[in-house]
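Participant: Could you build the full structure based on these sequences and the hints that come with them?
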Amino acid sequence: MATSKAALARSPTGIPRLDSALQGGFPVGGVILLSGQAGTGKTMLAMRWLFAGAAQKEPGVYLTMTEPVSKLIKHSSTLTFYDPAAVDKGLLVLEDLRASEGFLSLEKEVGKPGVEALVEDIKVLVKRTKAKRLALDSVTAICRFLNDAHLIRHFIFKLGTVLSYLGCTALLVSEVTESNYSAYDVEEFISDGIIHLERGKHGGARTLEIVKMRGTSFEGAPQRYKITADGITFYEQPSFDVGKLSTERLASGIQGLDTMLCGGILKHSVTLLNGASGTGKSTFGLQFLIEGVRAGERCLLVNFEEAREQLIRNMHTAFAQDLERLEKGGLLKVECVLPESRSMLDHLDHILSVMREFKPERVVLDSLTALEKVGGKTELLSATKHLALAFKKGGATAMLITAGEAIMNEGAVTETRLSTIPDNIILLRYVEIEANMRRFIAVLKQRGSDHDKELREYVITTKGLEVHDPFKGMQGVFTGNVQQTMDRSALVQAFHDLAKG
0 MATSKAALAR SPTGIPRLDS ALQGGFPVGG VILLSGQAGT GKTMLAMRWL
50 FAGAAQKEPG VYLTMTEPVS KLIKHSSTLT FYDPAAVDKG LLVLEDLRAS
100 EGFLSLEKEV GKPGVEALVE DIKVLVKRTK AKRLALDSVT AICRFLNDAH
150 LIRHFIFKLG TVLSYLGCTA LLVSEVTESN YSAYDVEEFI SDGIIHLERG
200 KHGGARTLEI VKMRGTSFEG APQRYKITAD GITFYEQPSF DVGKLSTERL
250 ASGIQGLDTM LCGGILKHSV TLLNGASGTG KSTFGLQFLI EGVRAGERCL
300 LVNFEEAREQ LIRNMHTAFA QDLERLEKGG LLKVECVLPE SRSMLDHLDH
350 ILSVMREFKP ERVVLDSLTA LEKVGGKTEL LSATKHLALA FKKGGATAML
400 ITAGEAIMNE GAVTETRLST IPDNIILLRY VEIEANMRRF IAVLKQRGSD
450 HDKELREYVI TTKGLEVHDP FKGMQGVFTG NVQQTMDRSA LVQAFHDLAK
500 G
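Residue numbers (numbering that gives the first Met the number 0): 0 to 500.
It is worth saying that the hints were derived from the structure and are not from the lab.
Mixed in with the good hints there might be a few duds.
With a straight-line Cα cutoff of 25 Å, these simulated PhoX-like cross-link-like pairs (lysine-lysine) come out [to be verified]:
1. K88 x K73
2. K358 x K392
3. K157 x K129
4. K266 x K392
5. K243 x K358
6. K392 x K332
7. K391 x K376
8. K471 x K444
Restraint ranges, calculated between C-beta atoms of paired labels, are given here [stated by the list, open to error]:
9. I72 x D147: 28 to 38 Å
10. T160 x R341: 43 to 53 Å
11. D229 x T461: 47 to 57 Å
12. F217 x K384: 21 to 31 Å
13. E304 x D345: 10 to 20 Å
14. K266 x T377: 29 to 39 Å
15. T227 x K200: 15 to 25 Å
Yeah, the Cβ is synthetic: ideal placement off N, Cα and C, and Gly gets one too.
Facilitator: Right, dumping it as structure tokens:
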């Protein structure tokens, strides 16, 4: 009869995403190396793990080698998970290892006897407190003091053996530079697990990587996180699980456009609206939202292009639209954010947070072009994919606005690879005809539906955009190389006139 393998007991970290990745937490009784550069949140993660244990009535010990206990408490007490009662009741004991007799003995004589004395001190403390979790911050400080690979190996092996016998899990904090996992190339080989934290380059996001974890199946891809008052918080991951999508069509609010779209914009779709400066992109987006408000839908505008006061004034003076009144009605929410105020990931995180709270049915993001200045094309592409999936999952129909660099032609819609993400692409363009600047609109793409292939002229009035008839009697409008063409009846008449001589 086959017997199932017993699952390893786990020591939860208190960080849901990390615990999920670790199949419940660190293996109980293991020695885990937590490595990272300065400012990556090593101490914060260690404290979160210890307080998670205290919440489950598992006593813990924090041994510091780098700062006084009073300073550690001062900084840790600002975190939401800090529980002073756990410290007062002795569920979490904080000790400065530099004051222990074992370390003082080691200072006098660097060798195995000193190492044995230090490990014995830690053993006595663990037994006295009945600790099930121990964090040593940092093992690098001890290794630097020992300065011998054999002594370092002996210390970590001896400590791990003693703690494992006592049923205590150890987290050894290691201070490293760049992408190294340990400072002395010894610690990582005798640890049961390695968690590596890395600071983002050029203002990028910090990442956490599970490098090694014995008895645990895990994905090794680095996960991006931020440091908040809640500790280490992972950024949300995109998912193709968007739920059931509607076949209903929504009115765009733009006269003539719904005909081009064969009945309107498909609900839960994502539209990319691209146009040069002055083509009416922002007005287009606001008309789409105002139409939603008229239909009783919750609508969200995220604007990266102009200040809130300026946006409100311009809409009032140009189109007699009172955005503040619409906001007070509860169906419209306007978020104006300076692109440089956050990283790309933090902007993404903020938008997703507003989505969860406000639950909009229509969203306009104006514009992706402004966001590109923050993180570059690669990050923008990744963020746009994530947003497109999140909008669908959240039940929203979205419009993403981009600015075309070119005034007269198709610009760079496809060059950025953004064109593969949206369901629909609508272009707004200028064209010169007989020394006059005119505008045209084209539906380049509409997934799951047919659409008008003609280029139609549109005008911007005090009511917003209005789509008119297709351009007739000319070709090359799309490329900007306009040439007059002759219709069939005129061509026949010309031949008749020629035959008459």
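Participant: All hints are to be evaluated individually against the structure, with a verdict given for each.
Facilitator: A quick look at each hint next to the structure:
1. K88 x K73: OK: K88 and K73 at ~18 Å, within 25 Å.
2. K358 x K392: Cα-Cα ~11 Å, so holds.
3. K157 x K129: holds (19 Å)
4. K266 x K392: holds (12 Å)
5. K243 x K358: Answer holds: K243 to K358 is near 16 Å, not above 25 Å.
6. K392 x K332: Between K392 and K332 the Cα gap is close to 19 Å, so the pair holds against 25 Å.
7. K391 x K376: holds (23 Å)
8. K471 x K444: Holds, at roughly 22 Å.
9. I72 x D147: 28 to 38 Å: holds (33 Å)
10. T160 x R341: 43 to 53 Å: Given range 43 to 53 Å: holds, Cβ gap about 47 Å.
11. D229 x T461: 47 to 57 Å: holds (49 Å)
12. F217 x K384: 21 to 31 Å: Distance hint for F217, K384 holds at roughly 24 Å.
13. E304 x D345: 10 to 20 Å: holds (18 Å)
14. K266 x T377: 29 to 39 Å: Between K266 and T377, where Cβ atoms are some 31 Å apart, the hint holds.
15. T227 x K200: 15 to 25 Å: holds (21 Å)
Violated hints for the displayed structure: none, as all numbered hints are satisfied.
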